[in-house]
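Following the hints, put chain B in place on chain A, whose structure we already have.
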Amino acid sequence: MPESLRSVGLGRPDADMDILSTGSNVAMQGRLAVGKHDDNQGKTSGNSAMNPMPPQAVDAVGRKLKATYDEMLREPIPEKLLQLLDDLDQTKEGTPAGDVSADDTRGSDAADKGEE
Amino acid sequence: MKISSDLKSRLIEAMPNLRAFAISLCGNADRADDLVQETLVKAWHKIDSFEDGTNLKAWLFTILRNTYFSQYRKGRREIADADGEFSSRLSVQPQQQSHIDLQDLSAALNELPDDQREALILVAAEGFSYEQAAEISECAVGTIKSRVSRARVRLAEIMQLEDWEDFAGDRYGDAVRVSGDPVTRG
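Same order as they appear, the protein sequences are chains A and B. Counting from 1 along the first sequence, just add 3 to a position and that's the residue number in the numbering used here. Counting from 1 along the second sequence, just add 529 to a position and that's the residue number in the numbering used here.
Calculated directly from the structure, the hints in this document are not laboratory data. Just so you know, not all the hints are guaranteed correct.
Straight-line C-alpha distance at most 20 Å; calculated EDC-like pairs for lysine to aspartate or glutamate [unchecked claim]:
#1 K575/B - D92/A
#2 K83/A - E542/B
#3 K571/B - E82/A
#4 K674/B - D62/A
#5 K83/A - D559/B
#6 K571/B - D535/B
If we strip away everything but chain A, and leave its shape as in the complex, we get:
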């Protein structure tokens, strides 16, 4: 095995295993033996087909994803998006998407002043 591979930890199942079995990984949830039977042929540790993930780890990541997404849903909506609906409502016929972005620094004030 090329030395360069060793240095990045690929193709060293024993080293990977060591990390696994001593891992303080929350997601592992006590399933320390994962990959023990499969990852001993010098495969890279990132090979997904080799290591069945414990369901607890998958669930934990799923919950984290949901929590993070819910946080995003609570963010305030940018003013320009709210303004967009008002602009569309006023024009009735609407404007092409390109015009909207070109126009987004000019509010209805500017348009009003331009009248008469």
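Relative to the frame of chain A, chain B by itself:
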């Protein structure tokens, strides 16, 4: 065309979801807002094709993802923030640990293939049924199920790998550090 104020308020109601979905797809908030903007303009112009009584959010999501895949997708890789748009978009980061978690999650999401990320967000984050997600993505229900399932496992694997990386760095130094990008895109 005349849009009822009721419909307008429903569009506003759907905006946080559209933004979150767009940020998840784009990996970049500025592009995500452009994408939402374009989605709203398109929706406004073809509101006649929306059947009242059906799911407005699902209809809007369809427009957004079609716009993304036809126009935004190819720029994604170059622009996506490696540290993670998810975390940087969050104004409140209660604890250091959760901040790290969010960065990990965001970076891991960026590693997923587009179709898997889309399916995962629709079902696991947004809460659409498999059937609804299949309609939005215009594919078979079985395809969505398999994408979600693969995405879940893949995400967990990637995040675990990152944990190894941290641990290896702490304990063993560079000798066994799992560095670079050992996870190939599937």
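Now for the hints, and whether the structure bears them out:
1. K575/B - D92/A: The given pair, whose Cα atoms are some 14 Å apart, holds under the 20 Å limit.
2. K83/A - E542/B: holds, 15 Å
3. K571/B - E82/A: With a Cα-Cα distance of about 19 Å, the restraint between K571/B and E82/A holds, given a limit of 20 Å.
4. K674/B - D62/A: holds, 16 Å
5. K83/A - D559/B: holds, 12 Å
6. K571/B - D535/B: holds, 18 Å
Checked against the numbered hints above, the structure breaks none of them.
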